[in-house]
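Undergrad: What follows is the residue order along each chain.
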Amino acid sequence: MDIQQRHNGKRVVFSEASFQKIRLLIRDFLLRSRASMCIFADVNGYPIAYGGDSRGVQISSLTALAAGSFSATLEMARWLGEEQRFRFIYHEGAHRNLYLSNIGDNYLMIVLFDKSVPLGIIRLLTRQTTDRLNELLNDLRRKSDQATQLLDLEFRDLLDKELDRTFGLNRS
Amino acid sequence: MHVDAFKREVIFKIVYFGPGLSGKTTNLEVIYKNLDPQIRSDLISLKTSEERTLYFDFLEMELGRIKGRKPRFHLYTIPGQPQYGWSRQIVLRGADAVVFVADSQPMRMDDNLTSLMDLEIKLIRLRKTLARFPWVMQYNKRDLPQAESIEVLERKLNFLHTPFYEAVATKGIGVFETLKCAIQMAVQKATL
Chain Z
1 MDIQQRHNGK
11 RVVFSEASFQ
21 KIRLLIRDFL
31 LRSRASMCIF
41 ADVNGYPIAY
51 GGDSRGVQIS
61 SLTALAAGSF
71 SATLEMARWL
81 GEEQRFRFIY
91 HEGAHRNLYL
101 SNIGDNYLMI
111 VLFDKSVPLG
121 IIRLLTRQTT
131 DRLNELLNDL
141 RRKSDQATQL
151 LDLEFRDLLD
161 KELDRTFGLN
171 RS
Chain H
1 MHVDAFKREV
11 IFKIVYFGPG
21 LSGKTTNLEV
31 IYKNLDPQIR
41 SDLISLKTSE
51 ERTLYFDFLE
61 MELGRIKGRK
71 PRFHLYTIPG
81 QPQYGWSRQI
91 VLRGADAVVF
101 VADSQPMRMD
111 DNLTSLMDLE
121 IKLIRLRKTL
131 ARFPWVMQYN
141 KRDLPQAESI
151 EVLERKLNFL
161 HTPFYEAVAT
171 KGIGVFETLK
181 CAIQMAVQKA
191 TL
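Heads up: the sequence lines are chains Z and H, in that order. The letter at position 95 of the first sequence is residue 95 when you use my numbering, and the numbering goes up by one with no holes. The letter at position 55 of the second sequence is residue 55 when you use my numbering, and the numbering goes up by one with no holes.
Hints were generated in silico from the structure; no laboratory data involved. Be a bit skeptical, because a hint or two may be false.
[What the hints assert, rightly or not] Derived BS3-like pairs (lysine-lysine); straight-line CA-CA distance at most 30 angstroms:
#1 H/LYS7 / Z/LYS21
#2 H/LYS180 / Z/LYS161
#3 H/LYS67 / Z/LYS161
#4 H/LYS180 / H/LYS67
#5 Z/LYS161 / H/LYS189
#6 Z/LYS115 / H/LYS47
Kindly generate the complete structure, drawing on both the sequences and the hints.
TA: What follows is the structure, given as C-alpha cells:
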C-alpha cells in the first residue's frame, strides 16, 4: 500500500514504512511541543498525515486554506524580490495560534497550538521536524518509481452510477 | 490526483474557471445546497466586501466506496476579476479538470475569450495545454432573453470541441451534469 503524488511530473510514492515514519515524526513533535494538532500536507492542499486533537476541525478545508495562504505568501516573496522564500507564517489568535512552515517546495507542516505554548518552542521543534521530513522526502524521491494502476475501467463505470445516484441524475 | 491507499481514498481537484460574474461561485453554492451534508464539507468562500471572490471558494464532497476506494473531490473556484491573476495561477496548480463557466450574453463574449486565453496561458505555465487537458465548457445564464445562440457560442468559444453543457446555475439547471462530466474526464485522464 502506498500514497502517490505527482509534483512537476515526478511521482512521489509514500510506502507504508515511510508513511509510518511521518506519523511517528508528527507524534514525536506533538509530544515534545505540546501543540494540539499537526498536519503534514502538500502545497495543493491535500492532507497526507495528521495527529493530535482534530475534533471539530474539517481537516481538508483547513489544509486547503493553509495551502492557499502559504502559496500567496510565496508569491509575495517573489514579488518583493526575496531570493529565499518566506519559510513560515504565524497567525496569532485569542486562544490558539497557527504556524505554517514549508517543507521543501511541495509540502507544508501546519501546527495548531494553545496560547500557553511558547512560540519559540514551536519554531524550534517545527524546524527540526521539517528538516527530518525533508530528508525523508528526498530519500523517497530517489526511490519513487512506477505506481500501480489504481483506477480501472470497472471503477469508472461504477463511479458513473454512483455520481448519477448522488446527483439525482437519470442515466441516458 | 492524490491517492491515499491507507485510507483507501482517491482525491481529485476540479477548478471552476471563467470571467467575473459568470456564475462559478453559484455553481458551488448549488452543489453545496443540494448534496447531503453527510457527504460534503462546509462551503468556504474568501470574498471581498462586495461579495466578489477574492481568492477562492472551496467545497469537498465524497462518494461511497467504489471497489473499496472512496473517491473525494475538491472543488475550487477562481476569482474572475482581472487583477487576481496570480491567485488564479495558484488555485489552478494541481487541478485534474477544469469547468469553464462562460456567460452566454453577447456583451460578455470578449470577457469569455479573454478568460479562456488566460486559462490557456496559466496551463502552459504548468506545462499543460487546453488541447490535452480535461475540461468542460458550461454555457451559463441560458434563461436570459439576450443569451447568444449555442451555435454562435460554440463557434466563438469552443474551438477545441470539448464537451459543453447549457446551464442556469441560479436555478440549479445543468450544474450537476457539468460536474459529472468534469469528474469523468479527470478520472479518464488518470486511468490513461
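Undergrad: Indicate, hint by hint, whether the structure satisfies it.
TA: Results for each hint:
1. H/LYS7 / Z/LYS21: holds (17 angstroms)
2. H/LYS180 / Z/LYS161: holds (10 angstroms)
3. H/LYS67 / Z/LYS161: holds (13 angstroms)
4. H/LYS180 / H/LYS67: The given pair, whose Cα atoms are some 19 angstroms apart, holds under the 30 angstroms limit.
5. Z/LYS161 / H/LYS189: holds (18 angstroms)
6. Z/LYS115 / H/LYS47: holds (29 angstroms)
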